[in-house]
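A.B. asks: Sequence:
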Amino acid sequence: MSLESIPIQAFLIVSSSLFCIGIWGLLNSRNAVRVLMSIELMLNAVNINLMAFSSYIDNNLIQGQVFTIFVITVAAAEAAVGLAILLSLYRNRVTVDMESFNLLKW
1 MSLESIPIQA FLIVSSSLFC IGIWGLLNSR NAVRVLMSIE LMLNAVNINL
51 MAFSSYIDNN LIQGQVFTIF VITVAAAEAA VGLAILLSLY RNRVTVDMES
101 FNLLKW
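Residue 1 is where the sequence shown starts when you use UniProt numbering, and the numbers rise one by one after that.
Simulated from the structure, these hints should not be mistaken for laboratory data. Treat the hints loosely; a few may be bogus.
What the hints assert, rightly or not - Pairwise CB distance ranges (calculated): (1) I23 - T73: 19 to 25 angstroms; (2) S5 - Q65: 17 to 23 angstroms; (3) I6 - R34: 26 to 32 angstroms.
These numbers were taken from a predicted model, which means no experiment stands behind them. Note that CB positions come from ideal geometry on N, CA and C, so glycine has one too.
Take the sequences, apply the hints, and build the full model.
C.D. replies: Here it is as structure tokens:
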């Protein structure tokens, strides 16, 4: 089964549902690890959109694939920095609850 036989609406439905799950997790979660995972879900939804539109719009060009590689790179850097900050906060506060992180408040 080739990619062209699948309608683009299927990719958009999967991508929008992943993005909505990521937004819901971002807004309703009090755990910092879940917040990072929700951001990763949202970035993966963007990757699905980029790959789908790249496949359907410009068949010979690889612009969507290049942008997807950049998004994956940014997501990996975000995960590494976010987990490093989270580990540092956990060592000081012994919790990953987002409500207790008030270090930047005056």
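A.B. asks: So which hints don't hold here, by number, going up?
C.D. replies: Result: no hint breaks.
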